[in-house]
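Protein sequence lines, in the order shown, are assigned to chains A, B and C.
Everything in the first sequence is counted per our numbering, starting at 1 for the first residue and increasing by one.
Everything in the second sequence is counted per our numbering, starting at 272 for the first residue and increasing by one.
Everything in the third sequence is counted per our numbering, starting at 584 for the first residue and increasing by one.
Do not rely on the hints blindly, as some may be mistaken.
To be verified - Computed footprint of chain A on chain C, listed as stretches where at least three residues anywhere in the stretch have a Cβ under 8 Å from a Cβ of chain A:
hint : region
1    : 654-660
2    : 833-840
Claimed, not checked - Estimated spans, in silico, between C-beta atoms of each pair:
hint : chain 1 : residue 1 : chain 2 : residue 2 : range
3    : A       : Trp43     : B       : Arg471    : 44 to 52 Å
4    : B       : Gly420    : C       : Asn861    : 26 to 34 Å
5    : A       : Ile70     : C       : Asp749    : 53 to 61 Å
6    : A       : Ile54     : C       : Thr920    : 34 to 42 Å
7    : A       : Thr6      : B       : Ala479    : 19 to 27 Å
8    : C       : Asp983    : A       : Trp43     : 48 to 56 Å
9    : A       : Trp178    : C       : Gly640    : 52 to 60 Å
It is worth saying that the hints were derived from the structure and are not from the lab.
Where a beta carbon is used, it is the ideal one built from N, C-alpha and C, also for glycine.
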Amino acid sequence: MARTFTYSALIFLSALFIAPFLWTLITAVKSDAELVAYPPVFWPETWHWENFAIAWTKHPFNIFLQNSVIIVILSTIGQLFSSSLVAYGFARFRFPGRDAIFILLLATMMIPWDVKMIPLYMEFNYLGWINTLKPLIVPAWFGEAFFVFLLRQYIMTIPMEIDEAARMDGANAWQIYWRIHLPLMVPALVLVGTFHFMNAWNDYLGPLIYLNDQSKYTLTLGLALLKGLHNEADINSIAAITIILCGPPLALFFFAQRYIMDNALGSSVKG
Amino acid sequence: MADAVTARRPSRRRRGAGITPWLFISPWILGFVCFTLGPLIFSLTMSFYDWPVVGERTFVGADNYRTMLTEDPQFWHSLGVTVKFAAIFVPLNIAVSFLLAVLLNTKVRGTAFFRTAFYLPSVISGVALVTIWSWIYSQRYGLLNYLLGQSGTEGVNWLGDPGWAVVAIVVASLWGLGGTMLILLAGLQSIPKELYEAARMSGVPPWAQAIHITLPMLSPMLLFTFITSIISAFQQLTIALLLTEGGPLGSTYFFAMYIYETAFRFHDMGYAAAMSWVMFVIILALSLLVMRSSSAWVHYEGEMKGKGGTDG
Amino acid sequence: MKRRTVIIAPAILAATFWGGMTFAQDKVLRFATWNTSPESIAINQAIVTKFEEANPGVKVQVELYGDGFDDKLTAAMGAGNPPDLMYMWNYPAYYQSLMPLDDMIARDAAELNLADIPSGLMNGGLIDGKTYGMPVGFTTHVIFYNKDLLAAAGVAEPQAGWTWADLRAAAATLSKPDEQIFGFAVDAKPDPFDFEEFFWSNGAQYISDDGKVLDGVMNSPEAAEVLDMFGDMIKTGEAVALNIGDQTSGSDLFKAGKLAMMEGAMWNKGGIDESGVNYGVAVLPAFGDKPVKSTINASGISIAKDTADPDLAWAFVKFFSTPEAVALRTNDLPIRTSVAESSGMMADPKLAPFFAMLAVADGTVPSFLKNPEWGRIQENLSLAIEATMIDQGNAKAHLDEAVSASARFLK
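Can you make the complete structure from the sequences, with help from the hints?
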């Protein structure tokens, strides 16, 4: 009984969540007339799959893809490493000013982007990083408050006995972090990696501000180019590129979720 | 368990942190100084100036703040819209995410599929997401009104009716709760199964298990989602900017949007900076409140509190 | 080992020397553009390539800001790192960072052949008596109409000198709500810059000439009359309301054959051409016998005030204004009358109305030039327009609200 309820709830809800995405897919392959038809067309007469290729060639999306991939991979590696280091520091040590600095860290999450944008731009300009991919990669190597917070909370669910046992065996702080906590943190790390990947992949304002010429543009900027001024939007292409854009984060997630759901912790605590 | 820790703790070194923790958090400190502190100080300075994008900059002291709080009806209006949105969005965000996480935590077949389905929307970038929802909400050609029409009810002008526009944005925002759901799911999955086993064997009913095991063990993650939801609710910009443009009739004119327009449309950087700081203070105050209350309801298994625990 | 060093060292030296020389020779001009359609981007690139061919050693870096043009420009200027050249229309916002061009224009007047450029276009870049941009293209506003829909409904095609009463009568006949076909479209959230043309045509304006008075101007009876007319058109079903809960644009509807008449400009024309609709173009209708006015959207090209090489930048600007370059820009209308005539544009029935509108567009000054705080005042005006369209009337009340909400910006 409970099982049927669970299943039906899940199916109904997932339909709700997927529907807009399917709608976009259909919109990508419609003809112009079908786009403004009423009642809405659910099954286009012909599925214009070529719209995808057409959309891709409207702008140098190959180059955009390349840039997006570079940014995302490099920054994700940096993020995983730095955020976990910092989170460990906050979670497993007691030192003067720890709580105050942590509040400060939380506070930085609340700073609106508008506030930092122009001063940051000036700083990067001074460093000569404007129109390079650096402003989009380097900051990730210094830890981001959101992920540090997340990982710190996660580490705090790991009982102290584990650290104790390791210390009894003569491990120092770094080894505890590297050998014990990192493996235990895998679910949270995969979460962080997936989130960060997605954020970096979908980032629009950053690339908009820091990149000037087309050879450095990312995919999101390419999508924005399709939107255009004066409402002359190319709906087919926007839908097509949107679908394409969703691909990699989704694929990553699909493979990554196995690790998020790993329950290694349960077996390591023996009462 | 606590006894075991005390009994085993070796009294080798003097208790004191040493430099180790600082080494661990140094990346963040460095990043903070380089990429945050400087810009922050700069923007704070800007807020005390009449600072147009191009042209003369004049020092005006606290004038920006004064105007904002006493002479600017738009400030209060946009703040009101934002608070209203947060009040609806935050509880719903946590509740629905929690529900979905619980559903997914049961042993059903095809969890991978369902998880992906729920997570899918949060993967879609802001610009694309808004375009999709505008096609759904469109009064005349939209999917939603069409479906409602088929089922007998009349469609609503989701984006054109001042009363409904905020609801429309709440729903569109909730659609992206896949991330929150995942966080809670990861938290749920990390609760040792033994606890539930022991409870079941002692005859504790499921609802009591939920209250005494699930919620406390999940509370660190709940705290996290609570605070981050508040933060993102107050910073809500993209959806309002692109979907409703603050309308209709200003009913979705969020505070973040007002700041954005002040900076990029009215080119009044000083005023925008001042407003950003006010927003910052509000969010900070709310978060501190939540954090302070957390000691009452949040339970950490591995907390570093007071004198217990290890040193570096 | 030594032999290799003997060969390698001078090779490296030569390479750096040679590389350095080429590097020093390649001057780079940054050019910010707002084009997004592949066609217009290609046109820009064609002009740029021609310039580079004529000026070896110079590279023009075309930067596509697209939709985020103002955002990027604001950020770049705010940080003191603007591009050397940029498209420009919002002179009041940026002129303080732009280089006045009057001296260079005067010096090269003969080469520029200023008589060939209508003064209305040159004035577009005029702030406080100084010129901050050379016009590169323009459009005025017209009415696009679907010939097939008009023929099917037995409605005569619009003629020069037609009035809003004529348009409304036609729209009433053309609207078929059950088929989701509409006679006309009224935008509830128009760009006030464009919308002012309706006020002008009825003898009204947004703000007084000195930019100091709103009351009695923005909410004058003539002003209210304009808004009420549009609101009424929505009420009677003659027109469909755009941008109330819907982001479908007028041109989307027109291209799909669902809209009989639509107010538009050159930026709509390309898409409409592509759609294959059998269409015609007419001048804007008049309010009774008052002279009809259209907005001129003139885009210009400006030079950043502190650019490294002003002469080179100016050379580019001049090149962009030569008849050859002007003729290449087919995405909007040419600034040079000579090009317009020689290319036969003025005789083209689909383009002639644009020029006709340009001809009568003297004496109107867009409001955004009159008051530095116009941006904020405009927000209130937009709300008033939107409210009237939602209310389908009641313009005076909404305009009064806009005037009182804007009072604090007039100080």
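Status of each hint after checking the structure:
Here the region 654-660 of chain C counts 4 residues with a CB under 8 Å from a CB of chain A, which clears the bar of 3, and the coverage holds. Only residues whose C-beta sits within less than 8 Å of a C-beta in chain A count toward coverage, and the region 833-840 of chain C has 6 of them, enough to reach three; the restraint holds. A beta carbon spacing of about 49 Å between tryptophan 43/A and arginine 471/B agrees with the range 44 to 52 Å that was offered as a hint. In this structure, glycine 420/B and asparagine 861/C meet the distance hint of 26 to 34 Å, their C-beta atoms being roughly 33 Å apart.
Remark: the range hint 53 to 61 Å for isoleucine 70/A to aspartate 749/C is upheld by a beta-carbon distance near 60 Å. For the pair isoleucine 54/A and threonine 920/C, the supplied restraint of 34 to 42 Å holds, since their beta-carbon distance comes to about 38 Å. Checked against the given bound of 19 to 27 Å, the beta carbons of threonine 6/A and alanine 479/B, roughly 20 Å apart, stay inside it. For the pair aspartate 983/C and tryptophan 43/A, the supplied restraint of 48 to 56 Å holds, since their beta-carbon distance comes to about 51 Å.
The hinted range of 52 to 60 Å is satisfied by tryptophan 178/A and glycine 640/C, whose Cβ atoms lie roughly 55 Å apart.
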